[in-house]
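Colleague: Residue numbers (our numbering), protein chains in the order written: chain B, 1 to 374; chain D, 1 to 229.
Please keep in mind that the hints were generated in silico from the structure rather than gathered at the bench. Be aware that a few hints might be false.
[Claimed, not checked] Counterexamples of contact, computed for chain D against chain B with all Cβ distances above 12 Å: (1) Ser42; (2) Gly71; (3) Pro78; (4) Arg81; (5) Gln90; (6) Glu105; (7) Arg109; (8) Arg154; (9) Gly158; (10) His175; (11) Leu205.
[Claimed, not checked] Partial list, computed: chain D residues near chain B (C-beta under 10 Å): (12) Phe29; (13) Thr45; (14) Leu82; (15) Gly86; (16) Gly91; (17) Ala97; (18) Ser99; (19) Leu110; (20) Glu167; (21) Thr178.
Just so you know, even glycine gets a beta-carbon here, dropped at the ideal spot from N, CA and C.
Letter by letter, the chains look like this.
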Amino acid sequence: MSMLAWKNLFHDRVRLAVTLVGIVFSLVLIVVQFGLFLGFLDTSSNIVAYSGADLWTAAPGIPHVNGGTPLNESLRWKALQVPGVRKVTKFALTFVNWKLPAGSTESVQIAGYELGSGMGGPWNVVRGTESDLAAEDSVFIDELYAAKLGIRALGDSAEVTGRRARVSGFTHGIRSFTTAPYIFTSFKNAQNYARLAEDQTVYFLIRLDPGVNPEVVRSQLRQRLLNADIYTNEEMRRKTMFYWVFQTGAGVTTLMGAILSLIVGAVVVAQTIYSATIDHIREFGTLKAMGAANWVIYQVILLQAAISAVMGYSVAIVVGEFVSHSSQTGNAPINLPPWMAAATFCLALTMCMGASVLSIRKATQIDPAMVFRG
Amino acid sequence: MIQVRNLEKRYGTGSTVVHALRGVDLDVFPGEILMLMGPSGSGKTTLLSMLGCILQASSGSINIDGREIAGLPESRLPALRLSHFGFIFQGFNLFPALSARENVEIGLRLKGIGGGKARRQATDLLDRVGLGDKLDKIPADLSGGQKQRVAIARALAGDPPIILADEPTAALDSHSGTAVMEILASLARKKDRTVVIVTHDNRVLHYADRTVHIADGLIVDHTSQEQAA
Ligand SMILES: Nc1ncnc2c1ncn2[C@@H]1O[C@H](COP(=O)(O)OP(=O)(O)OP(=O)(O)O)[C@@H](O)[C@H]1O
Ligand SMILES: [Mg+2]
């Protein structure tokens, strides 16, 4: 009976087009909304996700990674004595003002890390190398924010806390969730830009020996560093993400949009598939009158729905990838990781087949006697 | 052999109840073509639907080849329809997306005949109704008479012992109506096969072995072809 499903679908091209537009619209809406939310999640905590650290040491009670307060350097030596700790480096992350060449100011976040430590530095570097950051006034910014920061080319400079900041490299796609872009520089420079005292840092980033249990090391660190909080990298990431996404309105709004898109999408798909099935109700009545069992009718209806789902998904995912790709240079990235593409496929199948189950009830409850009515 | 005894059908309940059939007795014999006539609303379609296990009786008995079907649960009926009946409808009820041959193949596939065998049998059946050159046409490209011939081929698919037709010529002009009736009468007639045709059309009555008149839910008159002549 699969013949009937295929032919029914392709017989009425206009009907098919309407069905597919409905499914594609719904799926693209869902993909974009959830992609936006995923983009939010990623952006909010990227600095932690890419830190390369196993553990973070911070002043007690900080709300999120962008809200750190100074910490005394002496803790470093205590931390280094804990077995399993391989490397402890200083990392500063502080809001400062960036004075554009034209005179106006922008808020930025100085990210100062120990060069060569492999922790806390920039990623996706497209111009310049780490050694360029060794110079006293050297910083890296992201291409996305060059215009905002008044930087036209490599070598342009601005002023931070009365000191020169010369752009000697660019990263690509390092967004900030706040309006203040990240400015990467050496820890030494950051101390100056952020006016940290000589013996102060904001964080210690800790790398562990391979194979040690971070929980074990952490509890020992807690015993020794009484005046600090120790987080795993994942905890810090979640804490930060949770703060920006849920404690501020922006993420909640996006999440609501995503949930709403799911509801709207499901309704549109249900309506589309339902009416596509009801269009053929007379044929199902005929099948039933001819003696087809209900499962034969289920089969035709479910197959029709599954084919629609696969076709709709194929178009939607291409559109989604395109939207996602072009959003990467804009302000709000729409992320579409492979698992989300797979989830969307399952969702498309579930929605289409679920909607068809609603119409199945209609189709199998039809009175076969309807075939005798003109 | 179909034996109908004291068959009643009521639609609805309470004050809106309609007594469509009020105690019908009827015997239909193997090998005969029976025409069922009567005014509009007299209960012809109702009777045919119950003969074909499509509609359930309110009371009374329908016995087909020694088997009582009137009290059977609804779930048993589709299989009975599949094994015993070929249906022809006034409105053709072809599958609009399928070609003539595929329409006939559906009938065969439901009966478990698939693949090349179904294709050959469908082609053969369409040949016999004179549509050997229209195998790949979809219903929209066929005339009314041609559509009904496809429906006849579909009803004959799998060689069911009983053919039931509800006003098969009502939607056709008189010329193609006569042609369709001729094909139906000649192809359906077969030793031991029972054919029941509901019709309004006096001009086709001579294809019948016997005509039964029904009015107000009751059989009012039997006329055999010999008597009519
Ligand atoms: N599903 C139904 N619900 C309620 N009443 C019905 C239903 N089907 C038929 N009837 C009524 O039962 C009676 C017999 O109907 P039926 O369709 O059997 O007549 P018919 O002889 O086939 O008429 P026609 O020549 O117009 O096709 C009519 O009064 C009709 O209105
Ligand atoms: Mg009728």
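Colleague: May I ask which of the numbered hints given earlier this structure violates, with the numbers listed in increasing order?
Modeller: Those not satisfied are hints 3, 4, 5, 6, 7, 8, 9, 12 and 21.
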